[in-house]
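**Q** The listed protein sequences correspond, in order, to chains C and E. Our numbering applies: residue 12 is where the first sequence begins, and numbers increase by one. Our numbering applies: residue 12 is where the second sequence begins, and numbers increase by one.
Check the hints yourself; a few may be wrong.
[Said to hold, decoys possible] Restraint ranges, calculated between C-beta atoms of paired labels, are given here:
no., chain 1, residue 1, chain 2, residue 2, range
1, E, THR312, C, LYS266, 53 to 61 Å
2, E, LYS377, C, GLU53, 14 to 22 Å
3, E, ARG206, C, GLU53, 24 to 32 Å
4, E, LYS233, C, ASP14, 34 to 42 Å
5, E, ASP277, C, ASP277, 50 to 58 Å
6, C, MET140, E, GLU164, 55 to 63 Å
7, C, GLY274, E, ASP277, 38 to 46 Å
[Said to hold, decoys possible] Straight-line distance between alpha carbons at most 16 Å, and here's what the computed EDC-like set of lysine to aspartate or glutamate pairs gives:
no., chain 1, residue 1, chain 2, residue 2
8, C, LYS266, E, GLU225
9, E, LYS266, C, ASP56
10, C, LYS377, C, GLU258
Treat the hints as calculated values from the structure; they're not laboratory data. No residue lacks a Cβ here, since even glycine has one placed at the ideal position from N, Cα and C.
There are 2 protein chains.
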Amino acid sequence: MKDVYVIGAGMTDFKPQPDVPVHELAFRAAWDAISASAVPLEKIDIAYAGHAYQGPCFGQKTLMRMGATGIPIVNVENACASGASAVMGVIHAIKAGEAEIGLAIGAEKLTSPGGGFLPIVADDLDSAMGRVMPAAFAMQARLHMERYGTTKEQMAKVAVKNRRNAMRNPRCHMRKEVSAEEVLAAPMIADPLTRLSCCPVSDGAAAVVIASGEVARRYAAKPVRIAASVLVSGSRTPYGIVDDRSEMSIRASRKAYDIAGVGPGDVDVCELHDPFTIAELIHYEDLGFCKPGEAGRFIDTGQSAIGGSVAVSPSGGLLAKGHPLGATGVAQIAELFWQLRGEAGGYQVAGAKVGLAHTVGGGVSKLESGACGVHILVA
Amino acid sequence: MKDVYVIGAGMTDFKPQPDVPVHELAFRAAWDAISASAVPLEKIDIAYAGHAYQGPCFGQKTLMRMGATGIPIVNVENACASGASAVMGVIHAIKAGEAEIGLAIGAEKLTSPGGGFLPIVADDLDSAMGRVMPAAFAMQARLHMERYGTTKEQMAKVAVKNRRNAMRNPRCHMRKEVSAEEVLAAPMIADPLTRLSCCPVSDGAAAVVIASGEVARRYAAKPVRIAASVLVSGSRTPYGIVDDRSEMSIRASRKAYDIAGVGPGDVDVCELHDPFTIAELIHYEDLGFCKPGEAGRFIDTGQSAIGGSVAVSPSGGLLAKGHPLGATGVAQIAELFWQLRGEAGGYQVAGAKVGLAHTVGGGVSKLESGACGVHILVA
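Bound-form chain C, shown alone (with noise of 0.2 Å):
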């Protein structure tokens, strides 16, 4: 089977960009992840792109601003984790020898037209019913603090870290240091949840140019080699009507340690999805970080800080850099690839040689299905 490279990555800032149309968006993403590869443009031979809400033809509407019109295009959703399946699909066509050079790209807009709102989908009961996504983290942190005496102090401090790191990265949405206490002060949004323990609203893309072995040497000085990439569906709460713990993101993280060769411990670097606090958590536990119960413990002893055992989301992650939904998967490959090759600047974790990016989205409930991707990169 053919190993599999990243040669190349772009990204837009992440911040509130209403009068910037997404397919230029998405055109600069690609358009730099491109230069950066230093790859001709008419060798490129086939490109995923990842988004939720962008309507129609979103890859090709991108593409055609640069004249690579005629190449297969894809475009794909799945909701969060929509920018790691467009990764996938890129990996699964030069795996199978049908591309050599392949572009991932993810971009969302969400200032516009519905300033932030998601579409209310018809037959989203939770939706309807209230159990919005701030509710359902809710839940799960109320349900997180109840069995293992989690603080919301513990919770806030991954606000903290992630604004902290933000500060070094100049994409970033909330380029602004907090505290702890003003965390725990700001609006509540959802019992315990604050309106600086959520996710801003942000307006993004982010692409990366994946080739096969023989032909990412002749490109990249230090290609970053795709060791696993993993996607499963599921439930985000397969065992009850709250979850402390995210069942896809267990199974799709073994399953990734499984084929990359490495288990947590090896891992330099993570970007995480933490829409909310409580999922840097809970998700810390899912990926194998720390034991079930010990995460409040794993942030308060600065283990997953730029220089813990662990890095993680040292971008920012989606509660400082944004979530501009299809872009996040596709955006925590590029920061990876950074990282990797020791180009992440002021928030560089020192001598990373393994990185893991996280995404899962979906339904909030048992009704409900979603998607998770896994991918582990290695320098």
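Chain C is fixed; fit chain E onto it per the hints.
**A** For chain E alone, coordinates are given in the frame of chain C:
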């Protein structure tokens, strides 16, 4: 590279089914395909679901009805080529060695909530200016008439043929024969296209089970080999304001013929993208069944009828069977699967050995880019 085969197919009726949820339609098609393949549910490694307008996590919502929520599920959109893109995604996953057996689903519900009108896309200048699909195809028809002397009567014969084919296919939406005179006398939609020159507004779903060679032979006595799976992007009108050919169809079919090692003269049965009568004539030429300008004579001499040199859309095609957007590309593969196994019942093409599926979609002008999928299947 692995050989890939179709080993099962399922399909709902194509017709208005306003009271059936679209996930239920897709579930029924998927269930029938899996049952037909005799593959145990837990042996299916991946699923791709193609649709254009059916909302987030469509594939997940469909497959959780049968408990298959753990596998990777990717939702793809590519306008009318959404179904073909889903098929390609599964093929790539299998060829990549990431799956042994995969499921491609296509589905669409057009009767609700919009009552058959496609959602207006904010940046679609063409539609806003009145160049909706019937108008665009009418302009193509006018150009073909002007350039080659193609007649309204020749166009009408396409509807007559496909309606006649549909009389033998119980899944079709339009199961009533029409005469050329009736087609010509029907209410005018966009001159020269009358209502009987246009495909109806249908709901429906289709699914196919695809497997690698080793596995296919374990389950199917007569697996049908997918000899080429080609997707391209491009504009419908790269050469001018209106074109009387489809550059995407020409390019995709040439590439597919090359890969499959067959030519247009080898194709026994073709499921062709015929949303309007003129489209079928133009695509005869695009796919190489006849030379440019000769499509009128091709239908006049009965060469595209069942029993002719290449039976085109024996299923009834989009014109008579219906065109639930995302379903169409998968349904074409299902139809070819049945034809090449001799299981097409009343509309069987005797001795069919080579089948071609062709679907093309996306915006109508130079400013818009779409997708075209061509698959070649061999008995």
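**Q** Hint by hint, note whether the structure agrees.
**A** Outcome of the hint check:
1. Look at E/THR312 against C/LYS266: about 57 Å separates their beta carbons, and that is inside 53 to 61 Å.
2. Taken as a hint, the range 14 to 22 Å holds for the pair E/LYS377 and C/GLU53, whose Cβ atoms sit roughly 20 Å apart.
3. At roughly 44 Å, the beta carbons of E/ARG206 and C/GLU53 sit outside the given window of 24 to 32 Å.
4. A hinted range of 34 to 42 Å holds for the C-beta pair E/LYS233 and C/ASP14, which are about 37 Å apart.
5. Between E/ASP277 and C/ASP277, the C-beta spacing of about 53 Å keeps the proposed range 50 to 58 Å intact.
6. The beta-carbon spacing between C/MET140 and E/GLU164, approximately 59 Å, falls within the hinted interval of 55 to 63 Å.
7. Restraint check, C/GLY274 to E/ASP277: a C-beta distance of roughly 53 Å breaks the suggested window 38 to 46 Å.
8. Pair hint C/LYS266 plus E/GLU225 does not hold up; C-alpha atoms about 24 Å apart against a cutoff of 16 Å.
9. Of the supplied pair hints, the one linking E/LYS266 and C/ASP56 holds, its CA atoms being roughly 14 Å apart against a limit of 16 Å.
10. For the hint pairing C/LYS377 with C/GLU258, the CA-to-CA distance comes to about 12 Å; that is within 16 Å, so the pair holds.
In summary, the structure is inconsistent with hints 3, 7 and 8 from the numbered list given earlier, while agreeing with the others.
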